[in-house]
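> One-letter residues, chain by chain:
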Amino acid sequence: MTESPLSPLIKTARDYLAAAGTQLRHDQPVQQAVGYGVRLLTQVLDEVRTELDGYELAELTAVYDTLAIQLAEALDLDAAAAFLALAEFCGDQNAIRLVHGQPAPTPGQLRLLRSRLLWITVTYEAPTGEPSKRVTEISYVNASGALRSAAATVEFGYEDLPDRVRRRMIATGQEAVRYQLYPASNPAVAAGRA
Amino acid sequence: MAPLVLILASLIGGALVAVAVYFWPQIMTWAREHLLPWIDRNIPELAQAVRLAFQDLDKVAVELRRAVRSAWRRLRAVLLSETATFVKLVSGEWAVRITSYLRNVEQADKPVVKVVTEQHLNWEDLPADIRAEAMSNGLHGKSIDILKARDRLLTETA
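As given, the protein sequences belong to chains A and B, one line each in that order. Sequential numbering of the first sequence, starting at 1, is according to our numbering. Sequential numbering of the second sequence, starting at 1, is according to our numbering.
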């Protein structure tokens, strides 16, 4: 659930081109032509990057939207409040970007999540000869202390799977890829090791 | 410093701690899921306990912690050993192999059962510095004693 792996590459290429563009001399026709091409290319790269991030962000929004509805139903919360709490709870920087500027979840809401939620996963499946699907699942403890699980399935075409999901399926030869949103791997904790 | 880091450092040592800490939430999920089919089939009364027992105590509220501790104690009565081993596959991919030994109360002729499963590691998500550390320190074949780590985490976390 991070930005497209291509995005930083595109940004680097764009920045190099822009830097090179400023070094070109404008008194020679050839360099003028190169300069014009470089300017156009940097614009194209900017647009590609925005579009890529937009697509990734749209998928991320859809995932969190679905999860928020499931969570709202499970813990008897308002769906908008559940979305805000979920982004904060999962510590997902990209999801937090989505709720930027909106009121922060209350300590009570976060406490409710901490006392009830066990894990949150998103699984993409692409079985041969069948439509691909995305399964969002939350497991939680209900008010009377019993374990419960809620899953929501959305079907879509193989070509609409997020790029990184398709790449991982091809690399591993598996028909399903699962992301664990909570508890998530935490690079910050790992980095503070020594 | 987080207790998890300290505990894993004392169990596996060296630079591999970073890799183990990074993948810990994932390893806990696999440790749980790897036991589920056998427990559900053979000791269904532990079905709820095994689902709770691997929950991270750091992030949960007090009442859930109590439930997790009690679930772990119940599971410990049948779980004799559980280890996670990092393995490099022939394809160049990495995996974690989880091996458990369980007390088989029902069958006197086969008192101990061994369960082994393997899960692919999503290696490309690992931060570059941690990946480099893992590569230069020979991750292949290194094991984590999940039982010991979990026992200590549950006793040393307030």
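Some hints could be false.
Here are the simulated EDC-like pairs of lysine to aspartate or glutamate, each with C-alpha atoms no more than 16 Å apart in a straight line [to be verified]:
no. : chain 1 : residue 1 : chain 2 : residue 2
1   : B       : K59       : A       : E88
2   : A       : K133      : A       : E88
3   : B       : K59       : A       : D92
Honestly, the hints are just simulated from the structure, not real lab data. Given the structure is predicted, the values throughout are model-derived calculations rather than measurements.
> Output the indices of the hints that this structure fails to meet, ascending.
Violated: hint 2 alone.
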